[in-house]
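First to last, the protein sequences are chains U and F.
Residue 113, in this note's numbering, is where the first sequence stops; the numbers in between run on with no holes.
Residue 114, in this note's numbering, is where the second sequence stops; the numbers in between run on with no holes.
Simulated from the structure, these hints should not be mistaken for laboratory data.
Check the hints yourself; a few may be wrong.
[Stated by the list, open to error] With a Cα cut of at most 25 Å, we get these calculated BS3-like pairs of lysine-lysine:
1. Lys-58/U <-> Lys-100/U
2. Lys-71/F <-> Lys-100/U
3. Lys-14/F <-> Lys-71/F
4. Lys-58/U <-> Lys-69/U
5. Lys-71/F <-> Lys-57/F
6. Lys-100/U <-> Lys-14/F
[To be verified] Over the 10 Å line for every Cβ pair with chain U, so calculated as not near, a few chain F residues:
7. Asp-63
8. Glu-78
9. Gly-85
The beta carbon of each residue, even a glycine, is placed where N, CA and C say it ideally should be.
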Amino acid sequence: AQSVTQLDSQVPVFEEAPVELRCNYSSSVSVYLFWYVQYPNQGLQLLLKYLSGSTLVKGINGFEAEFNKSQTSFHLRKPSVHISDTAEYFCAVSDGDAGKSTFGDGTTLTVKP
Amino acid sequence: DTGVSQDPRHKITKRGQNVTFRCDPISEHNRLYWYRQTLGQGPEFLTYFQNEAQLEKSRLLSDRFSAERPKGSFSTLEIQRTEQGDSAMYLCASSLVLSGGGYTFGSGTRLTVV
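Make the full structure from the sequences, and use the hints.
Right under this line is the structure:
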């Protein structure tokens, strides 16, 4: 069975500061990893995904994530956040056939001026 | 491409009534997923289809829940004899097999059982 743990339920940060949202997963097979963002009153939107190859993955809106197999982690980072990045962020894992995904409980990122 | 559409956006129903939700995926996507999301939690898998075949259903899903995708296009999710615990956001998503994963989500249907 797969599981995802998002280590921080809430992350407050000031505008233009760097941010890291942490995600750890467990799985018995090779995995695909994803980050989604959910803005207030909107659906989830795919930020980035790791399938294979380079462990550093770049996504939309300046976000990137690094896959670390030995630590079973897939942390999301952005060097300088904006007010508009305030949202809920979800980490997810699926098995190799890209079937169902298992989601974490989310991290609320609040960017303050 | 208008994205993934879900109807209705909101549904309030009395306990014991049946409800049905509809999802129209992106037309070229052959996989369709249903998830449920409650406040403070991530989406919870319910079931998914590849074309018209239902490939997996959550073991935690009550028999009161049923989903169909009769022609491999739109899908419906029915909840019979609703309970207050069914109150949640019901999310639909679609994807292409062999695309490498990653869903396109709809905006969801918020169900409130009173």
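We went through each hint and held it up to the structure:
no.	hint	result
1	Lys-58/U <-> Lys-100/U	holds, 23 Å
2	Lys-71/F <-> Lys-100/U	holds, 21 Å
3	Lys-14/F <-> Lys-71/F	violated, 31 Å
4	Lys-58/U <-> Lys-69/U	holds, 17 Å
5	Lys-71/F <-> Lys-57/F	holds, 19 Å
6	Lys-100/U <-> Lys-14/F	violated, 31 Å
7	Asp-63	holds, 20 Å
8	Glu-78	holds, 20 Å
9	Gly-85	holds, 18 Å
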